[in-house]
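Whole structure, please, built from the sequences with the hints as guidance.
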Amino acid sequence: MGSALLGVGHFLPAEIEVVGVRRPIAVEAVGPSTLAVRAAGGALAQAGIGAEAVQFIVFATMTPDVTFPGAGCFLQQQLGCGTVGALDVRAQCAGFLFGLVVADRFVRAGAYDRVLLAAGEVHSAGLDYSEAGAPVAALYGDGAGVAIIGRGAAGAGLRGAALHTDGRHHREFWCEYPASRQHPVRMTVEDFRRGRHYLQLDVDAVRRFADEALPAVIDEALRDAGIGAQAVDRFIIAHVLPDVADRVGARLGVSADRLSNPSACHGHLTAAALPVALSEDLARGAVGRGATVCLAACGAGFAWGAAVLTL
Amino acid sequence: MRNARILGVGHSLPPRRVTNADLISLMDTTDEWIQQRTGIRERRFSDGLTGAADLGADAAREALDRAGKRAEDIDCIVFATLSPDIDVPASACLLQERLGLGGTPAFDVRNQCSGFIYGLAIADKFVKTGLYEHVLVVGSEIHSTGIDLTTRGREVSVIFGDGAGAVVVGPESDSQRGILSTHLHAEGKFAEKLWLECPGSRLRPRLTEEMISGDDARMFPKMEGRYVFRHAVTRFPEVIREALDANGLVPADIDLLIPHQANLRISQMVALGLELPEDKVFNNIERYGNTTAASIPIALYEAMAAGKVQPGALVCLAAFGAGFTWASALVRW
Chain A
1 MGSALLGVGH FLPAEIEVVG VRRPIAVEAV GPSTLAVRAA GGALAQAGIG
51 AEAVQFIVFA TMTPDVTFPG AGCFLQQQLG CGTVGALDVR AQCAGFLFGL
101 VVADRFVRAG AYDRVLLAAG EVHSAGLDYS EAGAPVAALY GDGAGVAIIG
151 RGAAGAGLRG AALHTDGRHH REFWCEYPAS RQHPVRMTVE DFRRGRHYLQ
201 LDVDAVRRFA DEALPAVIDE ALRDAGIGAQ AVDRFIIAHV LPDVADRVGA
251 RLGVSADRLS NPSACHGHLT AAALPVALSE DLARGAVGRG ATVCLAACGA
301 GFAWGAAVLT L
Chain B
1 MRNARILGVG HSLPPRRVTN ADLISLMDTT DEWIQQRTGI RERRFSDGLT
51 GAADLGADAA REALDRAGKR AEDIDCIVFA TLSPDIDVPA SACLLQERLG
101 LGGTPAFDVR NQCSGFIYGL AIADKFVKTG LYEHVLVVGS EIHSTGIDLT
151 TRGREVSVIF GDGAGAVVVG PESDSQRGIL STHLHAEGKF AEKLWLECPG
201 SRLRPRLTEE MISGDDARMF PKMEGRYVFR HAVTRFPEVI REALDANGLV
251 PADIDLLIPH QANLRISQMV ALGLELPEDK VFNNIERYGN TTAASIPIAL
301 YEAMAAGKVQ PGALVCLAAF GAGFTWASAL VRW
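So the protein lines, in turn, are chains A and B.
All residue numbers for the first sequence refer to the working numbering, where the first residue is 1 and numbers rise by one.
All residue numbers for the second sequence refer to the working numbering, where the first residue is 1 and numbers rise by one.
Just so you know, these hints were derived from the structure itself, not from any lab.
All of these numbers come straight from a predicted model, not from anything done at the bench.
Ideal Cβ positions, reconstructed from N, Cα and C, are used throughout, including at glycine.
Incorrect hints may appear among the rest.
Per the computed footprint, the stretches of chain B lying under chain A, defined by three or more beta-carbons under 8 Å from a beta-carbon of chain A, are [what the hints assert, rightly or not]:
#, region
1, 80-87
2, 196-205
3, 316-329
Label-pair distances were calculated between CB atoms; the ranges are [what the hints assert, rightly or not]:
#, chain 1, residue 1, chain 2, residue 2, range
4, B, G130, A, D113, 14 to 24 Å
5, B, A305, A, R251, 29 to 39 Å
6, A, V27, B, S173, 48 to 58 Å
Here's what the structure looks like:
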């Protein structure tokens, strides 16, 4: 028995101009859980179930509503899902893929029949929109995507996946503070004034790594699924640097009309990038039911992965 | 489908003991008040540049040793914490670097006091369904750098301590043994009864200087103690009974209950409600305080060292905490 993707939905706040680019930005003070509520509406409708039928929630984010508890708890409350479990996962840009594998395995193990997998980010609350921070701030947007994972027949749903992390690179793409390892206090006013609570990335290192890691992990996921790249109807490749997806697609021999590059459209939505793009592709008919898609992402950690799904 | 079991358990505690008397020099409190309300006599605080991944790596090495496995045998790392080393990426990445396991999937679970059981549930499903052979589950916390050690924060800060525990989960061929079940719950409507608000991406901006230095202490955890207590003494027995019911067992079948070490008074009320004798409930909160995600694997380690976990024993792990989240796991050793 496998798992099936029963529904997918997304929500993007209205675009506004920030640091010279148009980005979806959650102007009202809401967290990723509130964006995910709106994305969940579409996903639940597509799955033909109500929130009360959800048996477990998995939430992937790197920008939670509050420091703790997790965004999943806030989503659960807003959806009205009783006392079902709500797991928060942190795997940065690969968060949706890690969450997808977790949801799939809970379903396969028979623990749950319907898991709501949410990925949401409100980056705008934590970006440095000053001149110094503009190059990084321009890369990001806010948004949420939700997938409903349920029981399915073999040959459909999640057919193959590969997940990886390499913590040796964690300093090349990180937000260092607050840092519980800093004694005696995890963040001081001085740390704040030095801007150490903003995301920093070594663009060259991040690009170089993804250029190698993404084709390899896509190949691994395809092998896990037992299919070749030609059997994939659409590739969705999410990376904070929009040139990466185009280059990886070209290297895999994927024509531009079979490739979605979400960060080129909305800025990078981190964990939310893949489900938002999948939902958009379904909505505009770029893929339909029965199509096979390959999702891939690589980001901070470094954490990266790929998944092959038949819709 | 095969079963999964815990192959080895490890722990790590920083050496510095902080007694209730030591806290009296920082805040207006008394040893009697702390002991009466929580059962805690001392806790451990780390020093220097020690993060959750540092303690976690030590605990992981011990768990690997006990399991008779090498780091290279690990196929996946699940790290439960609410006090990550840095903001991004996850502490699992830093732990993985310390263990020299570049390439191995590693991610964090952020489920507070229930984090270890949520992580164990993931490892159980990964191994059961054959995705991975060996999964490392770590619970580790450095609370000491994130609590308000003044009179203002005393209700929370006297409770928490630093520490780490880890288990290696692998396959079990006997369908009657290993992890029999996991049950996971949450109730987000009580999220603000025990929480740490800032930084918070629902705020604009998520972090300000005032949040760090202001009188309202929004960068420190807050708790409505009585509220949490009341829910804990309901949800603990409920989720333990749920686990027992799912396996056709009754409380008298439990050989050892290892509750998350939230508060000794909670554990005592839970034991009373389930009619479990004192020697069937493991507590060590008097020495370590509440180490949130780390408390269950630390307690499991000590219970095993004390000879309280023999082959064939039915061990129940249970947790309740911020979220609210709560969970149980039933294990036939």
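Against the structure, the hints come out as follows:
1. 80-87: Our answer is that it holds, as 6 residues pass the Cβ test (under 8 Å) against chain A, meeting three.
2. 196-205: With 10 residues close enough to chain A, the hint holds.
3. 316-329: holds (count 5)
4. B/G130 / A/D113: 14 to 24 Å: The hinted range 14 to 24 Å holds for B/G130 and A/D113, with Cβ atoms some 20 Å apart.
5. B/A305 / A/R251: 29 to 39 Å: For B/A305 and A/R251 the Cβ distance comes to about 53 Å; the hint is violated.
6. A/V27 / B/S173: 48 to 58 Å: holds, 56 Å
The structure shown violates just one earlier hint, number 5.
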